[in-house]
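For this one, chain A is given, so just place chain B on it according to the hints.
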Amino acid sequence: MTSTSAAPRDAGTPPRGGSHALMTGSGAAETRLPWWHLAMTAGIALVVSAVILLLLGVFSIPALVLLGYVLHLIIGYTYSRVREGRRWAMDRFVTLLVFGAFAVAMIPLFSLLWEVLSRGIHKLITPAPLQFWTTDMAGVIGGMDAGGISHAIVGTLLITLGATLISVPIGLFTSIFLVEYARYGWQKVLGRGITFLVDVMTGIPSIVAGLFGLALFITITKDPGIRIGFMGSVALSVLMIPTVVRSSEEMLRLVPMELREAAYGLGVPKWLTIVRVVLRTAIAGLTTAVTLAIARVIGETAPLLLTVGSVPMLNTNLFSGRMQTLPTFINSQYGAGNAVCNSDVMTNPISGIDYACSTSINFDRAWAAALTLIIIVMVLNIAARLVSYFFSPKLGR
Amino acid sequence: MSSSVATPSSPQQDPPAPAAPTTTAARTAKRPGDVIFSGLSIGSGLLIFLTLALVFIFLLIRSWPAIQTSRELTGNADAVSLVQYVAPLVYGTVLAALLALLMAVPIAVGIALFISHFAPRSLATPLGFLIDLLAAVPSVVFGLWGGVWLVPRLEPLFFFLNEHLGWIPLFGGTVSAPMRNMASASVVLAVMILPIITAVTREIFLQTPRLQEEAALALGATRWETIKTVVLPFGRSGVVSASMLGLGRALGETMAVLMVLSPGETFSLRILQVGQHNTIAANIASHSAEATPDVMARLIFTGLVLFVFTFIINAIARAIVSRTTKS
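Quick note, the sequences are listed as chains A and B, same order.
For the first sequence, my numbering gives the first residue as 1, with consecutive numbering after it.
For the second sequence, my numbering gives the first residue as 1001, with consecutive numbering after it.
These aren't lab readings, by the way, just hints derived from the structure by calculation.
C-beta atoms are modelled at their ideal positions from N, C-alpha and C, and glycine is treated no differently.
Just to be clear, a hint being listed does not mean it is correct.
[To be verified] Some but not every residue of chain A turned toward chain B, in silico, with C-beta under 7 Å:
#	residue
1	V98
2	V104
3	T174
4	I194
5	L197
6	P327
Pulled out of the complex, with its shape left as it was, chain A reads as follows (with noise of 0.2 Å):
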């Protein structure tokens, strides 16, 4: 009964701190330790694992936390075994493990995220700043210190506006009779069948949707060797309709029934009262849904992969030839590893321009090319986070 005063105190708070009085205060019959035995347990597990790796030799940062999170989870397990018991020695040691869960999945998201900036924003600013952006790769050859991507920027940009506009409204008019038509009779029955394959849809994998873009295109044109903007339209949107039908199900869902209520006893058609209250009042959140749903496919690689093969320059027309994208860009250059420079200056034979060589400049490009797609995918989440956080109707008082 030592602990029982904090039940008292935490009484007030939200049921999820609630659980945490509660659980405090069950433990009364056995001796509970403050915070700091945890703190002591683990600074013993590092100071013992940096003189382990110290003897062997082979002390690093990376390897003294590595070691350290083991040995604390044995050290202490067996503290709080001795001095609490073993539930709460298997508490304190699941704790451990799942907050070590988290923290294994930061490592990729931050270093990541640190690669990609810290390698990309070389070429982004030399030779002179968004030179990169605003220049192509016309006559750009081996380990010539040139290029750009302004044509794959323009390309990506292009063919996911295509694949916007094939799969808004079909998108919207599916989440349209979901949530208002599929209400009775065998209208219900499809709307479920309909939110199931959704469901499914989204997991298609990315390269089946190329390759359905490929295959549609071949069947029509009867070219095999067929490869224009549009067929990566037609393959992302195939990726896209499922997520818009989703979200913006969510977000019509949300509308009051009262609103559409309130329109139908004003003897307004259904059509209307769809297009002027319920669209209306979720306009905030359908452009949150679509902006969302557009970083989503902006990035994906594979569909563009086999149906938009790759070019130099810049093309603006989705219906003929080849077009760039920053994924496939990203790829190739990936792809064309380092490159071999047999003199120090090479010369562009279209402009006639004098480069320096640089042996690592295929990664280079890639990674600015990868942090110029991470910054439009990046400001794209944060302008549909900002819309649905900025103009979503106040609903409730």
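For chain B alone, coordinates are given in the frame of chain A:
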């Protein structure tokens, strides 16, 4: 904008009182606006069915030449053996996905528990957002990161595993420096499927009946005992279906494998050895650029196999999810 939308409906824009009789009349006659709108909605819904059917049909049409001329059907020894071509790819695909799953599921369940039950309430949403951020990273960037950053850093671990645990077939074989092997590829895959598994598992864990949890705590259970006796049994089917969704993702992921793995076509178990495996998706991506129509037909056939596989797995997973969330 709204006025242009309203113009076609101007007959219905009369003040409410006189509109009432026309409404009842129109209920039987159906307004043209309503007919068009519901038609569009139902049409779009049906288009979803159509799209999935079309994916299957067009892949089948384009891969038909490969099926027709395969040795299995014609009995001709000179013909291409489709099964021999597809089997190692299917093996590699399944192996990569299972390895990724093996690494991702325990961590994802841990993260889901962390966010739903361990982290302070106020931190849960931002921490969940961090995991979602991982899902927003394009796959090609994961491939680049995996190929350039991760592969050299996994080297010491793989050498260690090969040296000390080499007697396990999985870690056996000859291991050489650029670790462009199955193990590296599946580590990248595991990172990529982590967000989806975490998201679904977290949703299920958060649906655990509060009263049961509080009952367990009131009986004196520790947090872990509560999770073991209440949360995990409740969320078991959710974890299973989340894993299957992750499996579906891992089976179809192209870029991570294409950019990290150096391909081969054996049935080897040695995941640390280079040039042993390849996956369907990566194989399609690497060969499609310079494929003759014959090769293309075969590639499309492997794509069809992948589509059917992932479709079935996703269908089962979604069926489990919808059943558990309903009850």
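Verification of the hints:
1. V98: holds (5 Å)
2. V104: holds (6 Å)
3. T174: Holds. Min distance 4 Å.
4. I194: holds (5 Å)
5. L197: Since chain B brings a Cβ to about 6 Å from A:L197, closer than 7 Å, the hint holds.
6. P327: holds (4 Å)
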